[in-house]
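**Q** The hints should help you fit chains B and C onto chain A, whose structure is shown.
Residue numbers (the numbering used here), protein chains in the order written: chain A, 1 to 484; chain B, 1001 to 1313; chain C, 2001 to 2220.
Treat the hints with care, as some may be off.
As the list claims (entries may be wrong) - Derived Cβ-Cβ restraints for the label pairs, each shown as a range:
id, chain 1, residue 1, chain 2, residue 2, range
1, C, THR2034, A, ASP195, 33 to 43 Å
2, A, HIS205, B, ALA1030, 52 to 62 Å
3, C, LYS2095, B, LEU1310, 47 to 57 Å
4, A, ALA452, C, ILE2075, 49 to 59 Å
5, C, LYS2095, B, VAL1281, 18 to 28 Å
6, A, ARG467, C, LYS2095, 51 to 61 Å
7, C, ILE2075, B, VAL1063, 52 to 62 Å
8, C, THR2034, B, ALA1030, 23 to 33 Å
9, C, PHE2187, A, ASP195, 51 to 61 Å
10, C, ALA2117, A, PRO469, 44 to 54 Å
11, C, HIS2126, B, THR1002, 46 to 56 Å
Stated by the list, open to error - Partial selection, computed: residues in chain B whose CB lies under 10 Å from chain C:
id, residue
12, LEU1106
13, PHE1122
14, HIS1176
15, LEU1178
16, THR1181
17, ALA1184
18, MET1287
19, LEU1289
20, PRO1291
21, ASP1292
22, VAL1300
23, LEU1303
24, THR1308
If you're looking for bench data, these hints aren't it; they were derived computationally from the structure. All C-beta atoms in this analysis are idealised placements derived from N, C-alpha and C, irrespective of residue type, glycine included.
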Amino acid sequence: MILLLPLIFALLGAVLVLGFRDRRAATRAALTIGAFEVASLGALVWQVHRQGPQQFGRYLRADGLSSFFLMNIAFIFALVLVYASGYLRHIPEGRFSSPRWFYALVFLFLFTMVSVCLSANLGLLWIMMEGTTLASALLVGFYNTEGAVEAGWKYLIVCTVGIAFALFGTIVLYLAAVQAGMNPAAALDWVALMDAVPGLGFDPHLVKLAFVFVIVGYGTKIGFVPMHSWLPDAHAEAPTPISALLSAVLLNCAMYAVMRYDAIVSRATGPAFPHTLLLIFGLLSMVVAGLLILVQRNLKRLLAYSSVEHMGIIAIGLGLGGPLGLFGALLHTFNHSVAKSLLFFSAGNVRHNFGTLRMDSIGGMSRTLPQTSAALVVGSLAIVGLPPFGLFISEFAILSEAFGQARFLVVGLFLVMLSVVFGGFAYHLLRLLGGEPAGVPSSPKLIPSEYAVMGIAALCLLVFGARIPHLFGVFLQEAIAVMR
Amino acid sequence: MTTAINVLQALLLILGAPLVTGIVGKIKAAIQRRQGASIWRPYAEIAKLFRKEDLVPPSASWVFRFAPKVLFATAVCAVAFVPVLQPSALLGSRGDFFFLVYLLALGRFFLSLGALDGGSAFGGMGASRDALISTLAEAPFLLGLVAVSIMSAHADIPGIVMWTLQRNVFDISAVHILAFTSLAMVVLAETGRMPVDNPTTHLELTMIHEGMVLEYSGPSLALVEWASAIKLHAMLALLISLFGPWGMASTVSVWGIAAALLLYLAKLTALMILLALVESVVAKLRMYLVPDFLGVASAVSALAVIFTTLVKR
Amino acid sequence: MGLVAIATAKFLGSFSVFLFLTVLLMVVARRISTSVLLFSLQSAIITAEVFAMGVREKLAAAYVVGALVLLIKVIAIPYAFFRLVDRLKSPRDVKASTTPTQSVFIAGAMIYLSYAAVHSFGQTVHVPEDALAAAVALILTGSFLMVSRKKALMQMLGLLVLENGIFLAALITTFGMPLVIEIGIFFDILVGLLLMGIFTFRIRDTFDHLDVSKLRRLRG
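Isolated chain A (complex conformation) (with noise of 0.2 Å):
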């Protein structure tokens, strides 16, 4: 029954907020329901702790792994519904263009989400996962300008093709299952093909055929190169809230579902061929990501293709392996969120003052928006990995797993793009913040909301990078164990 709590207060929520047409009412119930999901997420996560893995019915689940992303979930879209109340005054009224609308759309993105992680049935993750894509399409285009119907289109579509491929994956898996033996009714739960995995003989070619659909297709969701190419356009385009629910919590949950396969297929036909594929996949998006990094003119598409390269990141913990390996890439998945939506909180701030995202058109920052420049500052050193802030510890988790499996290539990569990526946020910032003022910012001063969000977001990254608070290591453990 707690299962379905979340999810039926996200749907209550897209649908109720459309009753208010005033801007503040809606904003107020969006609020108000929205605390309630974030209270329902917070109960099923602490059961889960408590007793164990919950199922309801066929379809839905929780477990260790479930828990911690939707932990993410809770904590990201508390953050950006604060934020989005702020904001949302600069979003001019039109026809689907109202806060009603916005609010609704986010509800409903945020029951696909919470859905995908609550999947126990592999074609329901599959519903869901295109489910996902069709509630933020809208979103995106959200602006109706010339850039957000491009963006929202490409997406649309890029995003439809990937995901039909992961069906073709999910179909071909299905195969391998009913032909080694199982029960078609239940050949498509994630439960019972880990456990009829190592007793079954599953076909391996079909079974690595199915993963590269797989990760194809779900890795298009997820960003990586090559399939990455309307994730720039499309968390650039949308309206700030949403670039950071894209960035911070739908990659996650992309990275889900591919986790969910990797355990299967790595008990399949053993952990070496899926896990090589993570690495590629991987290193070339760190590479590209990050070499694109350099030669960025829009602030957001900056953070965008910031977003690909912790994708890769995470993908070379999960493709390492190992306990280290696991344990970097899961923290790296929380850090990055809330490193990323502190960075697209600023980039929201700043085109509001400036009216443009254009970074060679604004200057001296630090003199003209103080307050969004020190939070722009702390992002961006946390985003590059520097310690005191949490993804140091992720990425040095991970750089130490590849350095005990001797996988030199994998480091000196690793380090390299580190140091590419490193100087591309300091040019681009340097150049912010520092010469001549450009442009009059028209707000100045933050908001209490976003001072609010913001100032929690920073101090998040500084408690992860002194010490990961204990309850939270407990939960990372529990994740940790789903996937052996």
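**A** Just chains B and C, lined up with the frame of chain A:
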């Protein structure tokens, strides 16, 4: 006895040709909700033309007078290769479909020459267009026939027909579907039907075949018209015998032949209705699009040949 | 009953040929409405395949799925496309980036490739080779249409053909997945198409054309 049937087949194709043209015209008229001319009209036309005088342009040479006779002769010879009522024909030997294709090409070639020799602008224009079409149509024609020949492991048309007769109607093979598509497109191009050419046009700019025969009159025109009708009938009969010959008489008996004749007429009617439908529904292609049309036919027939390696016999 | 059994058996054996024909015709079609009609025809053939399989394997779920395919892909979606073409009032040309001859050759190469792919995997899966090759060919054709057609509507159609191919592959190899999942997949496709339809209107309103190759503002 077989030879007598073969002669009967040939006569059927030659004498029945104007009727085919007449029926197609009548069906087109019915689709356009007109009365249309009587189906026996082409016979009356040919008879009338034979009674008229043969006018020759003063600048024309012997080629102009010779061309219609060559065209008619090649059409009549082509008829001798097509089995209609039984799986054999008057002239049939290994590789005969090559001969058939080039026989028809010879007739077209002479017609073009005659049109050029006539000295009129329409003749020259029609001849140049026709040269393009016949060049492009040659490849799909041959490749389509070659594909069917490879499938049946026979090199002569009667042999292919006999092989097809032994197969089950429902075992449709990809090669046959592709070959039929490309050959159907070739039939439209070779016989000057829509969408490649409009056989009923009076607008000079849309003429290809009509432009070439504009200068002819009297018996020469009669021969040309009759030859075109024979070509249409022969190619339709070829399509039927290669792709749907079931019902042909395997033994020579009166009832067998009669039944075969009736079945042939039924299939021919179906093809004629299809042709009339296609002609009424599709708009004529502009000249620069005809190479695309025939290019698609070539590609489809090339695919048919490639597919013979994939599909099991 | 015997006649039905024979008919279904014959149909199951030879339907892939007609699918190849629709593939070839679709790549040379020059108007959007022709392509949509061909898609409808393709879906009708697949529906017949679903029903034939239901008769042969005696699966009740197959009839439900077949009815869904019939309603949605043969009737509803083509109708929606025609309405969309009317309301968008944009040129009906397909705007292909390859000539018809090149397209047919590419289609032929794709059909050959799909047979080659099926050959290499055919030993593990015991299914009729032609049918699976037709499914793979549909997937490749859908991708080709999406890449080579510059109109937004044609990209949507390419996506639909791609999905047709995947559905057919699932049908042939596993007689379909659990019913609930199939229904969910249909629902997703429908909503996806609805959203894409909304976006084509937005593209037309913002850019005044529907040529997606001109959507190149965001680069780098």
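**Q** A separate judgement is required for each hint: does it hold in the structure or not?
**A** Status of each hint after checking the structure:
1. The hint said 33 to 43 Å for the Cβ distance between THR2034 (chain C) and ASP195 (chain A), and at roughly 51 Å that hint is violated.
2. For the pair HIS205 (chain A) and ALA1030 (chain B), the beta carbons lie near 59 Å from each other, so the given range of 52 to 62 Å is met.
3. Against the hinted window of 47 to 57 Å, the Cβ-Cβ separation of LYS2095 (chain C) and LEU1310 (chain B) comes to about 32 Å, which falls outside the hint.
4. As the Cβ distance of ALA452 (chain A) to ILE2075 (chain C) is approximately 54 Å, the hint placing it in 49 to 59 Å holds.
5. One distance hint, 18 to 28 Å for the beta-carbon pair LYS2095 (chain C) and VAL1281 (chain B), holds here, with the actual separation near 24 Å.
6. Between ARG467 (chain A) and LYS2095 (chain C) the CB atoms are about 60 Å apart, so this pair conforms to the stated range of 51 to 61 Å.
7. A hinted range of 52 to 62 Å for the beta carbons of ILE2075 (chain C) and VAL1063 (chain B) is consistent with their spacing of about 60 Å.
8. With their beta carbons about 25 Å apart, THR2034 (chain C) and ALA1030 (chain B) fall inside the hinted range of 23 to 33 Å.
9. Taking the beta carbon of each, PHE2187 (chain C) and ASP195 (chain A) are about 30 Å apart, not inside 51 to 61 Å as hinted.
10. In this structure the supplied range 44 to 54 Å holds for ALA2117 (chain C) paired with PRO469 (chain A), their Cβ-Cβ distance being about 51 Å.
11. Roughly 48 Å separates the CB atoms of HIS2126 (chain C) and THR1002 (chain B), a value that falls within the hinted 46 to 56 Å.
12. Hint status for LEU1106 (chain B): violated, given a least beta-carbon distance of 27 Å to chain C, over 10 Å.
13. Interface restraint check: PHE1122 (chain B) against chain C, minimum CB-CB distance 29 Å, threshold 10 Å, status violated.
14. This hint holds: HIS1176 (chain B) has a C-beta 9 Å from the nearest C-beta of chain C, less than the 10 Å allowed.
15. The interface hint given for LEU1178 (chain B) holds, since its Cβ lies 8 Å from the closest Cβ of chain C, which is under the 10 Å cut-off.
16. Interface restraint check for THR1181 (chain B): the shortest CB-CB distance to chain C comes to about 7 Å, inside 10 Å, so the restraint holds.
17. Taken as an interface hint, ALA1184 (chain B) does not check out: its beta carbon lies about 12 Å from the nearest beta carbon of chain C, beyond 10 Å.
18. Interface hint at MET1287 (chain B): violated, since its Cβ lies 16 Å from the closest Cβ of chain C, which is beyond the 10 Å cut-off.
19. Hint status for LEU1289 (chain B) relative to chain C: holds, with the closest Cβ pair at about 9 Å, below 10 Å.
20. Because the beta carbon of PRO1291 (chain B) sits about 8 Å from the nearest beta carbon in chain C, less than 10 Å, this interface hint is met.
21. Hint status for ASP1292 (chain B) relative to chain C: holds, with the closest Cβ pair at about 5 Å, below 10 Å.
22. A hinted interface residue such as VAL1300 (chain B) counts as satisfied when its beta carbon comes closer than 10 Å to some beta carbon of chain C; here the least separation is about 6 Å, so the hint holds.
23. This hint holds: LEU1303 (chain B) has a C-beta 4 Å from the nearest C-beta of chain C, less than the 10 Å allowed.
24. Evaluation of the THR1308 (chain B) hint against chain C yields a violated restraint, the C-beta minimum of about 12 Å exceeding 10 Å.
In summary, the structure is inconsistent with hints 1, 3, 9, 12, 13, 17, 18, 24 from the numbered list given earlier, while agreeing with the others.
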